[in-house]
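There are 4 protein chains.
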Amino acid sequence: MIIVMRVGSPEEEIVRVSQEFKDWGLAPEKIVGKHKVVIGLVGDTAALDPLQIQEVSPWIETVLRVEKPFKRASLEYRHGEYSEVAVSTPEGFVTFGRNHPVVLVAGPCSVENEQMIVETAKRVKAAGAHFLRGGAYKPRTSPYAFQGHGESALGLLAAAREASGLGIITEVMDAADLEKIAEVADVIQVGARNMQNFSLLKKVGAQNKPVLLKRGMSATIDEWLMAAEYVLAAGNQNVILCERGIRTFDSQYTRNTLDLSVLAVLQTLTHLPVMIDPSHGTGRAEYVPTMAKAALAGGADSLMIEVHPNPAKALSDGPQSLTPERFERLVQELAVVGKAVGRWSQVAAALA
Amino acid sequence: MIIVMRVGSPEEEIVRVSQEFKDWGLAPEKIVGKHKVVIGLVGDTAALDPLQIQEVSPWIETVLRVEKPFKRASLEYRHGEYSEVAVSTPEGFVTFGRNHPVVLVAGPCSVENEQMIVETAKRVKAAGAHFLRGGAYKPRTSPYAFQGHGESALGLLAAAREASGLGIITEVMDAADLEKIAEVADVIQVGARNMQNFSLLKKVGAQNKPVLLKRGMSATIDEWLMAAEYVLAAGNQNVILCERGIRTFDSQYTRNTLDLSVLAVLQTLTHLPVMIDPSHGTGRAEYVPTMAKAALAGGADSLMIEVHPNPAKALSDGPQSLTPERFERLVQELAVVGKAVGRWSQVAAALA
Amino acid sequence: MIIVMRVGSPEEEIVRVSQEFKDWGLAPEKIVGKHKVVIGLVGDTAALDPLQIQEVSPWIETVLRVEKPFKRASLEYRHGEYSEVAVSTPEGFVTFGRNHPVVLVAGPCSVENEQMIVETAKRVKAAGAHFLRGGAYKPRTSPYAFQGHGESALGLLAAAREASGLGIITEVMDAADLEKIAEVADVIQVGARNMQNFSLLKKVGAQNKPVLLKRGMSATIDEWLMAAEYVLAAGNQNVILCERGIRTFDSQYTRNTLDLSVLAVLQTLTHLPVMIDPSHGTGRAEYVPTMAKAALAGGADSLMIEVHPNPAKALSDGPQSLTPERFERLVQELAVVGKAVGRWSQVAAALA
Amino acid sequence: MIIVMRVGSPEEEIVRVSQEFKDWGLAPEKIVGKHKVVIGLVGDTAALDPLQIQEVSPWIETVLRVEKPFKRASLEYRHGEYSEVAVSTPEGFVTFGRNHPVVLVAGPCSVENEQMIVETAKRVKAAGAHFLRGGAYKPRTSPYAFQGHGESALGLLAAAREASGLGIITEVMDAADLEKIAEVADVIQVGARNMQNFSLLKKVGAQNKPVLLKRGMSATIDEWLMAAEYVLAAGNQNVILCERGIRTFDSQYTRNTLDLSVLAVLQTLTHLPVMIDPSHGTGRAEYVPTMAKAALAGGADSLMIEVHPNPAKALSDGPQSLTPERFERLVQELAVVGKAVGRWSQVAAALA
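Sequence lines, in order, name chains E, D, F and Z.
The numbering used here puts the first residue of the first sequence at 24, with every later residue one more than the last.
The numbering used here puts the first residue of the second sequence at 24, with every later residue one more than the last.
The numbering used here puts the first residue of the third sequence at 24, with every later residue one more than the last.
The numbering used here puts the first residue of the fourth sequence at 24, with every later residue one more than the last.
No wet-lab data here; the hints were simulated from the structure.
Because the structure is a prediction, the values reported are computed rather than measured.
Don't take every hint at face value.
If several chains are the same, the list does not tell them apart, and a pair holds so long as it fits within one copy or across any two.
Derived pair list, reagent style DSS-like, types lysine-lysine, alpha-carbon separation capped at 30 Å [stated by the list, open to error]:
no. : residue 1 : residue 2
1   : Lys57     : Lys94
2   : Lys362    : Lys145
3   : Lys45     : Lys57
4   : Lys145    : Lys203
5   : Lys53     : Lys94
6   : Lys59     : Lys45
7   : Lys91     : Lys59
Modelling step: build the complete structure from the supplied sequences, incorporating the hints.
As C-alpha cells, this is what we get:
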C-alpha cells in the first residue's frame, strides 16, 4: 500500500500516522517528495482496505493499492500455470483450459418442453457442441414475464442429458434451489445479476459442481475476479469465467457491449478458463457468428451460443438465438479458425 | 407496441405477420411510410416482450415499446397521487412522501459494538435524525473483508432502537435471514448489488415491513422501477427508492456518480418516495454536505447519511462517514434549505 | 510518481531502472515490500508522462501519479483562493465566483431572427438574467440539420445586447471565426464536442475575452481541468467551467446525466468558477427547474438556462427550452433557495 | 417518425397536432391504442429532428425515429454493395474493402527524427505493412506534453515514404494545416477527439485525400456514421472508419475498451471499410496481438498497430507500441488467421 499525504501535512501528523501503522504490525517507509510525502506500507497488507487506511488521518490524500486484491484467482497463485476445469459428462470428461480445444456450449435460453429441449440437444450435439445450456429458473426484468418452468424443467434437462450425452449447464438464482439443480447440472451457472450476490457465491463455493460465473453488467475485472475469489475461498476450485457483455453508453444496435478485451487481460491476471457468450453479449443472432469467430481467434477457452429450434416462438431471448441450421454452419466456420489457431478438437473436427 | 419492418419487406410477409398478431388477440394497424412499413399493435401489450415480438419475422427491424413496462410503480397507477410510506417507530409513525418533511436517516455503515451503535443512535437522534441505519450483514467485494457481525448485530440494533427511540433500517442479503431481520428492522433494505436478485425481491415483497430499494450500480430507471414492481406485485405496497450513485467512466475523485437527476425524472414516473444517499453516492465525507443540500433543494423525500463516532476506526466505509459533530452542523445547514423549500419538520426545526 | 515493479523483478533491473531515473535528474527511492519493490521518484515529475515511464522497463507493472496533472487550474496555484471572473457588460461588470451571487445566463439555443432574440433578451433581463446566450454557429450531429445563421446572427446578438443591456455568451466552433465572434461576445464558449480541440483551446487562450469551457460528454474531471489548463497556459486567466451532462448507460428519460457532484469535487480541486447547464444536462424543459434549484443549493456559481419565446417553433433544442413565463417563475423559485444559501444578489432579489 | 401522445391527450389537441404536420407537408396517420394514441408521420421525415417535433405539443410523450439518420453512409445508399477505398501509394494502389485482403498500417505514435521514422518504415514494410502511420501533430491531454514536431515532421514522413514505398497516414488537428498535410499524406486522419469537430469534418470533406475517421471516445455508432456523413456530404467519398476503443466504467487494465462488436454491427449498416486499432484500443503492447487476431477473424478490413524501434524511449504512447521484432512475429500470427478466413494477400503471405 502506498499512502500519499496532502501538501502541507504537519510533520507530527506524519509521525503519528507512521506510529499507528507500526501498531498494526506494518513497517512504514517514508519518501519525502518535492511537494508531498509518501508512505509505503511494508508487511501483510493484502487484507487491508484502502478506504479504512484513508481514515487514519484527514491529511491522507489517497491510498494506492500495490498488490492485487485477489489471491486464489491470480495467475501467481498457480505460479503461472493455467487451470484445467475437467467436467464430467455422460460421455466422459470435457476439459476447459488454455491448453485444450475450445469447448462449445449451446442451447436455448429457457427450457420450454421435453420435445423442444431433447431435439435441440441432439441437434447441437450432432453439430459439435459439448454442453447443453438451458434455463429452468430465469432472471427476468419484469415480474410479469415468463420466469422459467423451474423444477419441472430440471427433469427435462436430465432427459435431454440422457438422450444426447451432453453435459448440462443451468443457472441457479436462489440458494434454496441449489441442491435440486446440482442433481441435474454438470456445471452450475451464476448469472450476471447475481455476480455480487455474495450469499449465493459462498453457497455455490461450498458444493462440488463446477461453477460458471458470468460477469456482472458493470463489473470491473477486479470485481469479477473477487467474485470468483468468493467461490474459490469457499473451497470450490472449479470456476469458469464467462464474459456476456457490459453496459456502455450505446445500446442502439447491441443490447450490451461484448468486451473481448477480457481475453487479453485475463490471461495475464488469472489461471481460470474464460468463456465468451456472444449471444447475450450482442443480443442479436445476426451478430453472433462474427463475434464467435473473433473470440475464438482471441483465445477463448469456450463459447456459449444460444440455439433454439424455432427462435420465433422462443419464450425468452428469441432474437439472440440461432436456428440449429445456422449453428451447424457456424461450427463449420469456427472449425476453420479453430484449426488455424490450434484450438479445435479432433472429434469436433471430425464432425465438422 | 410499434413494429418497424425492414425496407423491402415482402407484402405477403407483412400480411403473415399481421395475421400472427391477430392470432395473439391483438389488433395490428399498418402505416405505409415512404420507405418502410410500420405496424401498430393495439390491445393488451404490456405483458409482451419486445424481443419476443421481434422474432415473429426476420423482416422485423425494430420493436418500440409505447407503454411503460411498469404498472403498479407508475404515477398513473395512483392517478397522479404520490404515495405516503408511513413507518412505525418507537416514537410513532414517520412518513416518507412528497407532501411531508424530509426524513433523515443516519448511522454507521456497519454495527460494530453496543456502545458504538447506541452512542451513535443517541447523537444522530439529538441532531434531528428519524432513523438509524447500520449494517448487520455487509456486502463486501472481498471475501477476506469484514462481513458484518450478523445476527449478534441485530440485537445491538434493537438495543439502539430502544435507547434512542429511532426507527431501524438495515440490509438483508440472504432470504434465509429475512425473518430475523424483520423482527428488529422497521425498514428492510435491499442493497444495490441485489437490486436484480429477483428471488430476494419476491420474498421481501411477501412480508410486511417497508422496503428500501437501492438502485443498482448500472441500473436504468426502468430496471429500478421494475425491481420495485417485483416487490409491489408480491403484495408489499411500502417501497422507498434510494439513489446511491451509478457507475460512470470517471471514478478518480468520487467512488460513484450520484445521479440527482432521478429527482426530476422519478417525480414524473412514479408515486414512490425517493431517498438520496450522498455518502455512498460520492464515497467521501467531504463531498456529502454539498450533495445533501442539493438533493434537498431538488425535492428528495429523504436523505441517508453515514455517521460514525470515530470514522478513522470504522470497520467499513470510514472515509464516507461524517463525525457526529459534522452531522449536527450539516443538519443545521439542511434546515436552512429545507425551510426555504418547505420540506422541514417543525420538530426537527426546533432541534436544529 | 510511484513505480511498482512486477513480482520477481531481477535486482540488476531495479538498479538499472534507478540509474536511468538518476540520469533524468530525479532521485529514486526504493521501498522493498513483501512481494514487490516500489520506487518513489522525487524531483520535478509534473511534466513526466506515466506512460513514458512505464516503458523504461518491461518489469515495471504500474506507474502511479502522486501529483495532480494540472497546475494553473489547481486551487493550490492560488493558495486556496477562488478566482473571480469579472465580465464587462453594457451595464457594468458582472462577476462569477464563489463569493458572489449566482449569475444567471438565459436565452435560446440558436439565434433565429432579430425580433426573436431581442424579445427574448428583454424578457430574460426583466426576469433577472445577467447574460444572454444564443448560438450563431451550432454544432449539430447531422450535416443536414440547421447549422446556425453564422455571421449574420452575430449582428443580431449585438442588437440584443444593446437593446437589453445583457452581456453576450456565444460559441466558437472554428478558430477562423474567433475574431468576428470576439467583437460581439462578452464571453466566448467552447462547446462540449470541442473540449479537447486543442488547437482551438490554444487560440481562445491567446485572446482576451473570458472563456466558458463546457465539459466534454465523457471527459473526466482531470481532462476537463487539463483543457482549462490549455487556455490558462496560453495566457487567458478568465475561464469558467460549465457542466452540461455526461454520457452514461441510461438515456431513456434524460438526454445526458447532469453530474452535479462536480460542485463538490471542483471546489476542492480548482479555483475556477463553475456554471451548471440543466437544460442540456437533462434535455427536457420539465426537468430543468428541479435541477437548477439543486445546483444552486449545491453551490453553483452560475446557471445557464435555455429560454425560447416559443419552444414549439425552436429551430434547435426546443424541448429543453423554457418559455419566458416559466423562466420568470423559475427565477422566483431560485430566489428562495438563493437567499437561503446566501448566493442571491440584491438587484436580482429586488426584481424577483 | 412515430409520435406517441401522452395518456389522456385531448382529442382537439390530437387534431391540432395532426393539422400542424399536414401544414408541414406530411401525412399523419393515427392509431388509437388501449391507453395511448400514436401518430405515424408519412413523408420526407429524414431531415426532421425528433426534438423539434416533440415541441409541437406538450401532450407529445416521445418521438421515435423509424428511419436511420444517415443516408450516404448507409449500406442501402449503395444498394448493399460495400465500398472500396483505393489509396494511391508509391508502389501502386492499396484497396481497403470487404472483398480485399486486410490492410496493415504500422508505425510510431509520433515522428521523432529522420533515422527513427525511416528505419521504422523499412522494418514494418519488410514485415508486411502497407502503410506507415506517424504523428506530426499530436493531440495531448496536457499542454505541457510533447505536441509533435509539426511541419518539420511532415518532411520526415515524406522521406520515409520515399525510402520505404509505404503510403502515409497522419492526423490533422487544425484545418489551417490541412493543405500542408495533404501534400505528404496518402490518407488524412481525423482523431477521436475531433470526431465531432464539424468545421474540420467539412474541410476534410472538401479536399481529395481519403479520410480515416476515428471513433470518438464516447460516440455512438449513429454519431460516428453521422460524422462520416459530414465528410461524404461535403463531397469526399473515400472514408475509412477506425475503432480505437471507447470509454467505459473500467480502465484499470486497459486504457479504453476496444469495441470489436462494431465489426458485426457496421457491416449491417454501412458500406464503408472498417479499421481496428488495438494499440490505442487497449493501451498496452502485451494486449495488442490477441486483439489484432480477434479483429481479423471478426472481419476487420484493416489493422492499425503501433510500432516503435525502441518503445522505452518513445516520446509518446510508448507502452502501447510493439518492437519491430514483435510486429514481425505478429504479422506471422495474423497470416495464419488471415489465410484461414480468406483475408490475406498473396504478397503479404509471401513475405510472412
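Going down the list of hints, with the structure as the test:
For the homomeric pair lysine 57 and lysine 94, the shortest alpha-carbon distance between copies (14 Å) is at most 30 Å, but the shortest distance inside one copy (35 Å) is not. In this homomeric assembly, lysine 362 and lysine 145 come within 30 Å of each other (Cα to Cα) only inside a single copy, at 24 Å, whereas the closest approach across copies is 33 Å. Taking the shortest Cα distances, lysine 45 and lysine 57 sit within 30 Å of each other both inside one copy (25 Å) and across copies (15 Å). Taking the shortest Cα distances, lysine 145 and lysine 203 sit within 30 Å of each other inside one copy (24 Å), while across copies they are farther apart (48 Å).
Taking the shortest Cα distances, lysine 53 and lysine 94 sit within 30 Å of each other both inside one copy (27 Å) and across copies (25 Å). Proximity of lysine 59 to lysine 45 under the C-alpha cut-off of 30 Å is found in both arrangements, the shortest distances being 21 Å within a copy and 19 Å between copies. Taking the closest pair of Cα atoms, lysine 91 and lysine 59 come within 30 Å of each other both inside a single copy (25 Å) and across two copies (11 Å).
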